[in-house]
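Fit chain B to the known structure of chain A by using the hints.
There are 2 protein chains.
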Amino acid sequence: MSIALTILGCHSATPRAHAHPTAQYLQINNRHFLIDCGEGTQQQLRKYKIGFSKINHIFISHLHGDHFFGLIGLVATLGILNREKTLHIYGPVGIEESIRTQLKLTHTWIQYPLEFHELNSTDSEIIFEDDQVCVKTIPLDHRVYTNGFLFTEKEKNKRLHIENITQYPEIDRSDYHHIKAGKAVTLTCGEVIPNSELTLPTPPLKSYAFCSDTAYKPSIVPLLKNVTLLYHEATFLESHAHLTKKTKHSTAKQAAEIAKLAEVSTLILGHYSSRYPDISEFKKEAQTVFKKVELAQAGAIFSA
Amino acid sequence: MSIALTILGCHSATPRAHAHPTAQYLQINNRHFLIDCGEGTQQQLRKYKIGFSKINHIFISHLHGDHFFGLIGLVATLGILNREKTLHIYGPVGIEESIRTQLKLTHTWIQYPLEFHELNSTDSEIIFEDDQVCVKTIPLDHRVYTNGFLFTEKEKNKRLHIENITQYPEIDRSDYHHIKAGKAVTLTCGEVIPNSELTLPTPPLKSYAFCSDTAYKPSIVPLLKNVTLLYHEATFLESHAHLTKKTKHSTAKQAAEIAKLAEVSTLILGHYSSRYPDISEFKKEAQTVFKKVELAQAGAIFSA
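First to last, the protein sequences are chains A and B.
Each residue of the first sequence is one higher than the last, beginning at 450 in the working numbering.
Each residue of the second sequence is one higher than the last, beginning at 450 in the working numbering.
Next comes chain A alone, as it looks inside the complex (with noise of 0.2 Å):
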């Protein structure tokens, strides 16, 4: 298992007792990410018993309350937390601002680093990188500046498939880093051993896309494409359609439809309005285009 990515609040603005704003916790190639951070996060980490200090890298989708009023709480918390490592930081411009005028007036001192990463891009951009895991911004279509995120496994080196390698005595230890690496061998005689030969299959790469507030944007597809898990916002039923233009969010069928079309293993819908009782109706509605559907909510974990 490469991805474990935990529900913390998956509700869309208005407060009601047991929904939570959005906010989400990611594990991928042991990197752990957070990933908006809505009022009361740091309590739902509490509750779900997530380890704050791990979290190096805190990724905001947009400006938006529901997505982001819980940021400077989770930051001074981790200044009581005595965090010495520095937390990276990544948003729309403005984020800077937002925070360190909170952290002035209220006279919260952080002795950590707190890095920026300020977007404003609209074209997809890398973010973050490192031998694990690489971070893209998925430009999205909200009333404000807003990106989803997609997360990726970095390519791995190749298993060596030992059994073919010892049918070439000339192959030696010394070759195996290169082979690993992916190139091929040319023996003396000046045969070339594919690198195929060589080395097992890889397993393809894991990823992770968030898209979450957007209204219907198929431009975001290539960008999506065979994503193991897509998280895409549904905000409303296909009841409520008039309603996705003004406010700039989807339908859970229009998820579906950028599911289908990305060709997604697994759709997670999210970010429900309130005037919906029952959630399971998000579900049904996404099935009539796409069969692998599951629900978001408050503790949920989804792995692959």
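Be a bit skeptical, because a hint or two may be false.
For chains that are exact copies, the list does not tell them apart, and a pair is met inside one copy or across any two.
Claimed, not checked - Cut-off 25 Å, straight-line C-alpha distance, at most; resulting in silico cross-link-like pairs (DSS-like, lysine-lysine):
no., residue 1, residue 2
1, K655, K503
2, K629, K666
3, K553, K695
4, K666, K709
Calculated from the structure, these hints are not laboratory results.
No experiment lies behind these values; they were computed from the predicted model shown.
Frame of chain A, contents of chain B only:
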């Protein structure tokens, strides 16, 4: 019953799954006030089924996150709920910049008037008064500029002692207005009938004092004299009394000393540090000094 205080949260800063930061809902003489607004307050209001629209006045003691980070979310939600009435917010200088910066950066448009009453006096002052209630600040001693708040019922019209009044046939219904207002009646013969003979004894005026966060500050006792309910923070037990100087908080025993000196009717403790698993210890310690002690807990209602 003229006072009902609902505790929405009463723990200190470090978040836990089921410990909410400071917020209180006070009903006094049909006025509805919110006192402090830690992160998650709007969700607590929903949980305890308190109508958002009743609240027209919010009092913020100080700009530390655990008393304040829920305010922006509530202000934004009131916009979503199509509030039209003015919302009055009382708090330290800086509170307006903090909220307006958030509103601007999160593109949150609110259609209702938001009126800030910024405080900077270190003397007690009346900050709200109508025909039912008077609200005064209680200057506290904390690491940042902090006020407690004293809510007092206004003197009501006296109730007529009809049996006594009818013994003076000369006293007419047209005099009742003056008698209710506390005036004596002079008969045509020149005899003065004192008001006390014509009216029933009035019950003592009820009051609620909120004191959080503060170091032990006996100079506030005259302000608190004989209040009906006193909420006084008790972050620590005496076993950690050495921490009160640096943090400017109080122990349960110190809170009880204030209650005893001020001769209040009931002391309510709260703002417990997360280091104590069993809050009943706070009550035990306070009762060594003052008998009538209650423990604040989320959802508890104290009435008088």
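Quick rundown of the hints versus the structure:
For the homomeric pair K655 and K503, the shortest alpha-carbon distance inside one copy (21 Å) is at most 25 Å, but the shortest distance between copies (50 Å) is not. Proximity of K629 to K666 under the C-alpha cut-off of 25 Å is found in neither arrangement, the shortest distances being 39 Å within a copy and 70 Å between copies. Only between protomers do K553 and K695 lie at most 25 Å apart by alpha-carbon distance; the minimum there is 20 Å, versus 36 Å within a single protomer. Only within a single protomer do K666 and K709 lie at most 25 Å apart by alpha-carbon distance; the minimum there is 13 Å, versus 66 Å between protomers.
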